[in-house]
Amino acid sequence: MKALRNYLDKIKPHFQEGGKLHAFHSLFDGFETFIFVPDTTSTSGAHIHDSADSKRLMSFVVISLIPALLFGMYNVGYQHYIHAVGELGTFWEMFGYGFLAVLPKIVVSYGVGLGIEFIIAQWKKEEIQEGFLVSGILIPMIVPVDCPLWMLALATGFAVIFAKEIFGGTGMNIFNVALVTRAFLFFAYPTKMSGDSVWVSSESIFGLGKTVDGLTVATPLGIASTGTADQVPAFTMDMVTGLIPGSIAETSVIAILIGAVILLITGIASWKIMFSVFVGGAFMGIVFNQFGPDTAMAHMPWYEHLALGGFCFGAVFMATDPVTSARTETGKYIFGFLIGIMAIVIRVLNPGYPEGMMLAILLMNIFAPLIDYYVVQSNISARVKRAINSNN
Amino acid sequence: MSQLFSKKNREIFKAPLGIDNPVTVQVLGICSALAVTSKLEPAIVMGLSVTVIVAFANVIISLIRKTIPNRIRIIVQLVVVAALVTVVSEILKAYAFDVSKQLSVYIGLIITNCILMGRLEAFAMANGPWESFLDGVGNGLSYAKILVIVGFFRELFGAGELLGFKVIPESFYELGYMNNGLMVMPPMALILCACIIWYQRSKHKELQEN
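Sequences listed follow chains A and B, in order.
Count along the first sequence starting at 1, add 47, and that's the number in the working numbering.
Count along the second sequence starting at 1, add 1, and that's the number in the working numbering.
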C-alpha cells in the first residue's frame, strides 16, 4: 500500500494543472480516490465528517454482489455441461467455463460505461462519479449468457447517457441504470433476451465445453408461461440453490441472501423495501392462487414465484437502490409492496412477459417521488390537524 | 421581384428552418412525428402533405383575414384546413394508396396538428398572402425536415432499409448484427427528437435556458 501511495504521489504532478498529462486528470483522480480515502474534507459549515463516502458505499455493494456473481459463473458452466455436453465436468472445468463466458461481459460493461463517464467528467470538468461501479457489475449479471457483446455495449452506452448523464449524473437518475440497460436490450433485441435459446451457452470456449447447434433450454418461468394449468414446474431445491437456467446471476436464492445480509449489516440497503417486496409478491401470488385465471403461472405457489426468475435479485439489489427508490420511511413500505404486486401481476396476466420484475421496478421508479410527496403531505396535514386540535 | 424576396421575406422563410423550428423549439406537432416516422416514406409524404396544407391554408386565411368575424375565426380556420386535408387525403388515396394506407388516420388528423393552428393564428391572421405563403412553406418544410431525419434513423436501424431498399448488407447480419426492435416503437422517435433538440441547443447558445 505504501509503495502504491508513493507511486501515486510521484506521478500526481503530471496530472495537475500545467502537467503534461492534465487531459487525464479526472481519470487519475477517480483511481486515486477509489484506492485511497481522499484527505480533503470540507472546513466550513455544518458537514458530516466521515470517511464513508459514496465510493466506499459502492465498494460494499460490489462486495455483496460477488457471491451471486461467482455462483452465476459456476451455474453458467453447470448449465452448459448438463445441457450441451450431456455430463457434468469437474468443478473447475465448469467454473472456468462460466468464468470465461462471463468475464468479457464484465469487461465490456465496465469499459463502455466508465469510458463514457470519464469522457463526460472530463468534458464537464467535474470529478468522476462513482455510480457506475455498481451498475457496471450489475449489467452483466442480469442478462442471459448468450447476449452478444456488441448489444451489451450499445445498451450500456444508451443507459449511461439517456438514463443517467442527461439527468445530471450519479444520484440524479430517475431510473435504475442497470435495469434501463436490460430494458433496452429486452425491447430492442427480444430474440436475444427471451425465449428458449439464450439461457444456456452453446459454444465451446478455449476447448472447454462443446459447441452444439440449436440448443434450446427453457427457464422454469418460460415453461410456466406457455404451459397449461396442470403444468406448473414442481418446486425443487435447485430453484433455491440456483442450478436452473436463467440470467447469469439471478438464479441462486442462497447467494443473493448472502449479499442481502452484507447489505443489511452495513446499512446500505433498506430492509423495509426488501421485506415489503417479498410481502407484496407473496400476497399477490396467494391472491392469484385463489382467484386467478386458469394458467400455470397463476397456479404457481407463492414461494415458487419468489424463488424463480429475477425476483430475489431485483428485490435485494435493484429495488433497494437508494437513488431511485422512495426515501420516506412509510414510502419505502408502499414502494416495495407495489413492486412485489406488479411483478407477479405482469408474470401472471401478460403471457408475453414471463418475468415481470424488471418492468415492475422501472414502473415504481417513476412513482417513487409521487409516493414520497404524498407521504410527506399526509404527515404535514396530520400534524396541522393535531396542532389545531390541541389549540382548541 | 426584388420585393418578393426581400430580406424580411427571406427571414420569414428561413427562421422556422433554423432556430425557430416548430417541432424542436416550439415542440408542436410531436404526436404525428412519433406516429408516422417508423419508415422514411410515410414520413416524407406526411411532411409534404403538411407543407402543402399549411402553405395554402395560410394563403386562404390571409386573403380573407379582414372579413373573418373575430369571434368565429377558429371555426373558419378549421373549415379551411379541413377542406384542404380532405383534398390531400383524396389525392393520396388516388395516387399513392399504399402510403395513404400506412398513414391511415394521421392524414385526417393533420387538422389537429398544432403547427397549423399556430401559424394561422399567429401569422396568417396578421400578414399578407405572400408572406403567409412563405411562412407556411418554411414551417411545413421544417416539420418535414425533422420527420425525415427521425424516419431515416428509425428505418435504417429498425428495419435495415431506406425507402424499402435493403441498405445494411446481408454480410452484417451473418456476423451477428440485428435490427433494433426499439427503433420501430414510438418511444425511440421521442428519444431521437430529443437528440435533435440536444444537438440544436448545443449549437445555438440563445436557445439554452438556465
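Just to be clear, a hint being listed does not mean it is correct.
Pairs of lysine-lysine residues, derived as DSBU-like cross-links and limited to a Cα-Cα distance of at most 30 Å, are as follows [said to hold, decoys possible]:
{"no.": "1", "chain 1": "A", "residue 1": "102", "chain 2": "A", "residue 2": "319"}
{"no.": "2", "chain 1": "B", "residue 1": "9", "chain 2": "A", "residue 2": "239"}
{"no.": "3", "chain 1": "B", "residue 1": "94", "chain 2": "B", "residue 2": "204"}
{"no.": "4", "chain 1": "A", "residue 1": "239", "chain 2": "A", "residue 2": "172"}
{"no.": "5", "chain 1": "B", "residue 1": "94", "chain 2": "B", "residue 2": "8"}
{"no.": "6", "chain 1": "B", "residue 1": "8", "chain 2": "B", "residue 2": "146"}
{"no.": "7", "chain 1": "A", "residue 1": "171", "chain 2": "B", "residue 2": "167"}
{"no.": "8", "chain 1": "A", "residue 1": "172", "chain 2": "B", "residue 2": "94"}
{"no.": "9", "chain 1": "B", "residue 1": "206", "chain 2": "A", "residue 2": "171"}
{"no.": "10", "chain 1": "B", "residue 1": "9", "chain 2": "B", "residue 2": "67"}
{"no.": "11", "chain 1": "B", "residue 1": "204", "chain 2": "B", "residue 2": "8"}
{"no.": "12", "chain 1": "A", "residue 1": "171", "chain 2": "A", "residue 2": "257"}
{"no.": "13", "chain 1": "B", "residue 1": "146", "chain 2": "B", "residue 2": "204"}
{"no.": "14", "chain 1": "B", "residue 1": "94", "chain 2": "B", "residue 2": "146"}
{"no.": "15", "chain 1": "B", "residue 1": "206", "chain 2": "A", "residue 2": "172"}
Think of the hints as simulated: they come from the structure by calculation, not from any bench.
Results for each hint:
1. A/102 to A/319: Between residue 102 of chain A and residue 319 of chain A the Cα gap is close to 24 Å, so the pair holds against 30 Å.
2. B/9 to A/239: The hint is violated at about 56 Å.
3. B/94 to B/204: violated (41 Å)
4. A/239 to A/172: Violated - the C-alpha atoms of residue 172 of chain A and residue 239 of chain A are around 38 Å apart, more than 30 Å.
5. B/94 to B/8: Since the Cα atoms of residue 94 of chain B and residue 8 of chain B sit roughly 39 Å apart, the hinted pair is violated (cutoff 30 Å).
6. B/8 to B/146: holds (23 Å)
7. A/171 to B/167: Distance of about 40 Å is beyond 30 Å: violated.
8. A/172 to B/94: violated (56 Å)
9. B/206 to A/171: holds (17 Å)
10. B/9 to B/67: holds (23 Å)
11. B/204 to B/8: holds (24 Å)
12. A/171 to A/257: violated (48 Å)
13. B/146 to B/204: Satisfied, since the Cα-Cα distance of roughly 17 Å is no more than 30 Å.
14. B/94 to B/146: With Cα atoms ~23 Å apart, residue 94 of chain B and residue 146 of chain B stay inside 30 Å; holds.
15. B/206 to A/172: Roughly 19 Å between the alpha carbons, so the hint for residue 206 of chain B and residue 172 of chain A holds.
When held up to the earlier numbered hints, the structure conflicts with 2, 3, 4, 5, 7, 8, 12 and fits the remainder.
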